[in-house]
Amino acid sequence: MKGFLRDDDVMMNQATNTQTLASVDPNSVENRYVVNASQGQTSLYVPTTTGSEAASWNMYRVDNNSAENGSFSSSIHHHVHHSEPSSRTVQDGSNAASLATSSSLGATNAQPDYSSYTSYSNSAGPYSHGSTGYQGYYSGYQQQPNPSYSQPVGAYQNTGAPYQPISSFQNTGFYAGPTSYSSTYYNPGDYQTAGGYPSSSYTNQTTTWNGDNYANYTTHHQYSNYAPDTSGAYAAGNASANSLHYQQHYKQWADYYNQTEVICAPGTENLSVASASTQLAQVPGVSSGYPTSNSQAPTSFAPSWRPESSSSQTPLSQHGAPVTGAYDSYRTHGAPSFQNQHPSPVQPHFVKPLDSKSPYSNFQEQQKTACPQLPNLQHPVSQPAPQNYQPPAQTVQSSELQRVGKLQIQTNPRIASNLPLGLPKLEKEGLSNSAIAKPAYISVAQPKSSEKVLSNDAADSVFKAGVFPKSLKNYVQRALAQCKDEKQSAACQEIMKEIITKATSDGTIHTRDWDAEPLFPIPNTDMADKNNSQNPTPVSLFSKYKNSPAKRSRSRWEPLPEEKPVDRLGSLNNYAAKYSSRVHLNEEDQKPTGANSEGKSDVMKKFRFIQMEQKSASKTGQRQVKRQRLADASAADNGDVSSDSDKEQNLTAYYSGAIALANTPEERKRRENRSKRFEKVQGNRAENNHFKAKNAVTGNLYARRTTALVLSKSFEDGGSRAVEDIDWDSLTVKGTCQEIEKRYLRLTSAPDPSTVRPEEVLEKALLMVQNCQKNYLYKCDQLKSIRQDLTVQRIRNQLTVKVYETHARFALEVGDLPEYNQCQSQLKILYAEGIGGCHMEFAAYNLLCVIMHSNNNRDLLSSMSRLSDEAKKDQAVQHALAVRAAVTSGNYVMFFRLYKTSPNLNACLMDLYVEKMRYKAVSCMSRSYRPQVPVSYIAQVLGFGSGMPPNEGCGEKDSDGLDDCVEWLKAHGASLVADSNGEMQLDSKASSSTLYMPDPEDAVAHGDASLAVNDFWTRTSS
Amino acid sequence: MAYPSMGEAHRRITDYLNNFSDAVSYQDVASLAQLFSFSSNSPPLLSVADALNFFQDANRLIKQSEKFSQYGEILAPLFRSLQSYRTGNLVDAYHAFEKFANAFIQEFRNWESAWALEALYVIAYEIRVLAERADRELASNGKSPEKLKGAGSFLMKVFGVLAGKGPKRVGALYVTCQLFKIYFKLGTVHLCRSVIRSIETARIFDFEEFPRRDKVTYMYYTGRLEVFNENFPAADHKLSYALTHCNPLREANIRMILKYLIPVKLSLGILPETSLLEKYNLLEYNNVVQALKRGDLRLLRHALQEHEDQFLRSGVYLVLEKLELQVYQRLVKKIYFIQKQKDPSKAHQLKLEVIVKALKWLEMDMDLDEVECIMTILIYKNLVKGYFAHKSKVVVLSKQDPFPKLNGKPVNS
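Top line first, the protein sequences correspond to chains A and B.
The first sequence maps to residues 1 to 1022 in the UniProt record's numbering.
The second sequence maps to residues 1 to 413 in the UniProt record's numbering.
None of these hints come from the bench; they were simulated from the model.
Just so you know, these numbers come straight off a predicted model, no measurement behind them.
Don't take every hint at face value.
Straight-line distance between alpha carbons at most 16 Å, and here's what the computed EDC-like set of lysine to aspartate or glutamate pairs gives [as the list claims (entries may be wrong)]: (1) A:Lys872 with B:Glu284; (2) A:Lys873 with B:Glu308; (3) B:Lys215 with B:Glu200; (4) B:Lys391 with A:Glu983; (5) A:Lys872 with A:Asp911; (6) B:Lys143 with A:Glu833; (7) B:Lys391 with A:Glu841; (8) B:Lys265 with B:Glu230; (9) B:Lys265 with B:Glu226.
Quick look at which bits of chain B chain A covers, simulated, 3 or more residues with Cβ under 8 Å [what the hints assert, rightly or not]: (10) 15-27; (11) 59-70; (12) 125-136; (13) 224-230; (14) 234-240.
No residue lacks a Cβ here, since even glycine has one placed at the ideal position from N, Cα and C.
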């Protein structure tokens, strides 16, 4: 049943792959790439990882022994044979030759790859055997995966389908498996932009790997490692910590390399398997062993181990440290190795023979050491070499495979924690079971089963120097008993893993009373689901903590929330299966002690060098790929590809005005729109460019707008950029209108370029307005439209200042304070930007405005204290300051003198205060003077004159002013008497009690007379 | 940043976490407050910050134990803030701190008693200081500084938590004072009004029950507000309260209070001893006081000009400027006394020319109209009793108490 399902999946995979092949065909390199990738990925999905792996391992053995592997289809052999010789020539032959052969390889490879798929499906047999063997032990877990397993694959396929056309790379990356699935989700945000990372040495890798399909794995690691600190907390410390890591990594890598090589070595010898074949072999090996563990193990592993490793790595004192480090490094390095193979053997391999050297040289190196040792046998041969690394306390130097095995042993109990760790017996049994299921192993496995137990123990001890206490096992079981369904138990495991990890790290694992330990509350599985569907990795971290930046509410709307757990279980299955096989390998590895320690350092050195080379090489080579991938990834950006791709389509469709949302439910659309509001822009320039490029051609504003919106949507991770940071330049209009005159109309929609005037025309328009003789209303309207055009075109220069200054002056002249205030506040900003204008004049206006308008001492003080010394010397400003002094002291004589000598339009502002000042003055006079004051004096002092007091000479007593004054005084309730000479006198004593402030004649209900249209017309028409 | 070892870093962070959870569970507010006091730059805190920067995954440690993870919302941003603070990235530090503070008041709300008030004080203080520094950082990068504003709205939220009934109300005044500091710094003093209203109108809580230091700070700031409003009696009352209740050993505080109290007292006609000005280094007022004593308008104007920036910044410039009228009064009074010595019978009639001449001696070039205006104002403001006869240009002084003393009352306005 499983086999069938898988068959189907594989077939589908193949189908899609062929599609890609067809579409991308012209480039054989790419072709190859794709195929390979798909190969690796299928192996991922297919729980037979072990199977496939076994296959790859077996192949050599089979070739050597050519006996046991009945279960494996001959196509594998065929494939191996097929590709190996050719690549052999690559190896042995000159570079030129390699080029030639490689191209053929590319062609031939396609077939073998497919055949290998079938082989996978075939290998279902052994796999299911193995799994059944384990089923007993992994009771609950095994069962779910089986039926559900096919689901994720199906899901991928579905989601993949729409994707296919976008790019093959994307696709392959996407296909790479559950891990990559989630990693595509996080990819765009997490590392392209996160500021913290660049400092770490990791990033180097990241960038290197990025272009590759398999970068996804790396990504994943990265993510899992850094996830909790997206906020950038990591940044600083990383470098130091990592550098330590790194050495280990490299070592590991080398080890790993050696090992794979060694394993292949026999094959090479006997079968003339070339390095290329090694690579091929490795690909499945890595992809299966490694990514599979990714898809599952990382979920639990990466986060939980990470801190420990980092904490313990430095001192290297803890037992667990090296291994965790090792594991980590293995994982990160697994990815590199993967990568390595890809860019170098697959892509550049053909293009650049140089790269192919890297594995090759290693291989040679390896051979050198391996060959002398093992002239007789193949698998024994393969074992000794790794054995070499193992002895040293199983720490850094232990062979990769060993480590993998170990780790699996460790983690297994936690993930499938039904199975208590320290039960070698069970494992042994399982082992033998699987061994039986796979006869290939029998010979090797059987005799060493005891040793295997040893390794198991060793693994444990590596982790925490000892077997877990029995009470802990009970505790785990108790905890698991709580769980009602597999989701819960999965989540439960995560938590338990954390607990145990923590206990281990702080050394309380043995001391703690596990029996008395309270059970943690069962986590909300829905939550966990969501998390899972986002990314398997951070589950353990974030299931409880919701504030992590990695978490986005969007996940709520992912359509396949149940997908992840299923995946995980599926991969658990893998895991179990692989576990057995790994154990075997372990044993094998463990057996004899090899002797290539001298070679190792060499290899290491070389390897390091090579890797560097590759990095740089691949960086350039991959940039292209990366761009493309990014662009596509942006669509895929966070996770759930299907919904996202849909979403993008929707968005574009939606905003370009089309309502064609045929296949989208209304509800979802609304949700998207809603969710978009909260999404933050993020700096992914690549995407930006991508979109820009896409839309640059169209002058259509809507398209641009779409861009911005899509941009804002696709940038959402990280939260480091706000919506305001959108590049609004792309939304700025360039006007084309040539009309000089334009009526002002408040915009209710995006401006239409055809109605917006460009700068030259605006300049003419300003001149026209300045020189025209029409009334203020017309000028105001024209100036407002000019201001609008400036604003939509984001023109901020001298012209802008001039426009605002002109408008402010016109407004002052007619006392249109609201308009003046608008202009003044804009001018303040413009001046602050350093754009020159009549700065002083408007500083003075500002000061006057504060004095006259608001009776706020604080405002006055602050605007006074802001004046520069230079400004204080300015005539207009000095005048304004003097006016202020006059006003605050109530010195009406001074005030009206200043009124008469006011520069610029200061008088216009002072006008606003004249009435008040006069009233104050008269009340003061009526109080102080006795018995009378001549009205002529009052008229002179209080600036009454014919119309425009400033134009009058001092002391001139013209009758107009006097009449005005009399009128004014009467209006304000003063009692006037004529003295003996017939001169009008203010009877101060009588007036002092009768003065009042009349209601302003032009008072209107809404408080602003200028808003009364009729009145305004009469006032402003000229 | 070399750090001894990963283990050491781990240990320090765990210690910190333990301290936190212990402090919370034992309600040990003193040690809790210490954990938040960034600006104290205490070595233990800095070492934790270093450890955090070294040890990248402190959040793991928080989550490892239920003991810590229940405070994860508080601790995680706190760690982030501490890290950023240590690395000098104050804007990030502020952001994280605000997140932390929000989580903390959430928790604080749930605590029945007010045991954690001191810790809340520290947070209120730290967030303000951090915001100020973050703003400085932003300003130096050419960005608009708005963190202090954000801190203000956060503290408003804290005020809301505290201002209700119950034991936590005691803390409201502290938060109010922090808010005052922010508003005064931002120049948005009008925002103080709502807080003040809530403090002063509350019947349920007597003002005197607040802690003394908060009362003094509160009175100082509200007194300053009254100075702005030129409500001198109220300003006098509040600032005097602050002066009499503040710690007499804190000379800096006393000086700050006197800086506003002296102009207020001056405008109420009460002059300080020179020794007081000397003791608290307030000599910028010395010439003002001398001018008032001598009726020397020139001296006053010079003094104002000399310290213009300072007075403008502290906001007493306008107050001091208004003393001009008192100086005129003093001058007229002096002329009156001289005339009285010469000819007591005509002393109450002051010719305008004489006053103009006197002003000319002081190098104040004013014409008759102006001086006449000033005389009317003096009469109008009741600084001089009498009337002005326009025809003869004579100030006719009242025979009884022609120059009434202010005696603590403000000049009529």
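Broken hints, numbered, in rising order?
Going through the list in order, the structure violates hints 1, 5, 7, 10, 12 and 14 and respects the others.
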